[in-house]
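Sequential numbering of the sequence shown, starting at 331, is according to this note's numbering.
Please keep in mind that the hints were generated in silico from the structure rather than gathered at the bench. This one's a predicted model, so the numbers in the text were calculated from it and none came from an experiment. Possibly wrong hints are sitting among the right ones.
FRET-style restraints, in silico, Cβ to Cβ [to be verified]: (1) V437 - K497: 20 to 30 angstroms; (2) V398 - D351: 49 to 59 angstroms; (3) V412 - P378: 18 to 28 angstroms; (4) R442 - V412: 23 to 33 angstroms; (5) G406 - R448: 37 to 47 angstroms; (6) E429 - P378: 48 to 58 angstroms; (7) Y382 - H472: 35 to 45 angstroms; (8) L409 - F501: 34 to 44 angstroms.
Here are the simulated lysine to aspartate or glutamate pairs, EDC-like style, with alpha carbons at most 16 angstroms apart [what the hints assert, rightly or not]: (9) K499 - E434; (10) K499 - D454; (11) K497 - E429; (12) K497 - E430; (13) K367 - E463.
In this text, a Cβ means the ideal position worked out from N, Cα and C, and glycines have one as well.
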Amino acid sequence: MSTRSMSAPANATVADVAAGDAIRSLDPSIRAVWAIKMAAFSMFLFLPALFYDLTHLFSPDSWLPFGVLSGTVLVGGVLYCVAWPRLRYRAWGFVLRPEELYMEHGVLQHVRTIVPLRRIQHVDVSQDLIEREFALGRLVVHTAGSRSSDVVIPGLPLSEAETIRDKIKRFILEDPLTEEPV
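Based on the provided sequences and hints, a complete structural model is requested.
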């Protein structure tokens, strides 16, 4: 886990750029997890392309020479599996502040999200099969809202994800909303 200094957006407030805030990176092994998942997806594209090439191998009216389609899909898939996890890893970061969770991510569309801890309903730590092999987990934060109300931070060491979950849980229990019923 490394940290990097937080880049301040043009319309940042003083609270957004608090002294000492440093964006924390994800665990570097998340790149391997993403590459494995992308390789599996790429195989689903490659196999039909290979099937097309093999079934049209001796066809005189084939519109592509043998191997062009499957080769293009294979090369594209390899580039996708090598480059995209690196770009995605560099774009991800988060910081747990005293009263909010800040995260930024996105390669093509950069997204900055601030989740006030007071708005969190519950927090989960989850793992899929591949993440379990790398001892990684995902912190899933459920907030009040109907659309896009789940915030996910992938690629955390399992113990760290559980620690962050416990910190958020402690904040929720110690500082509940003080709304009176009407």
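**Request:** Against the structure, test the hints numbered earlier, and report the numbers of the ones violated in rising order.
**Result:** 9
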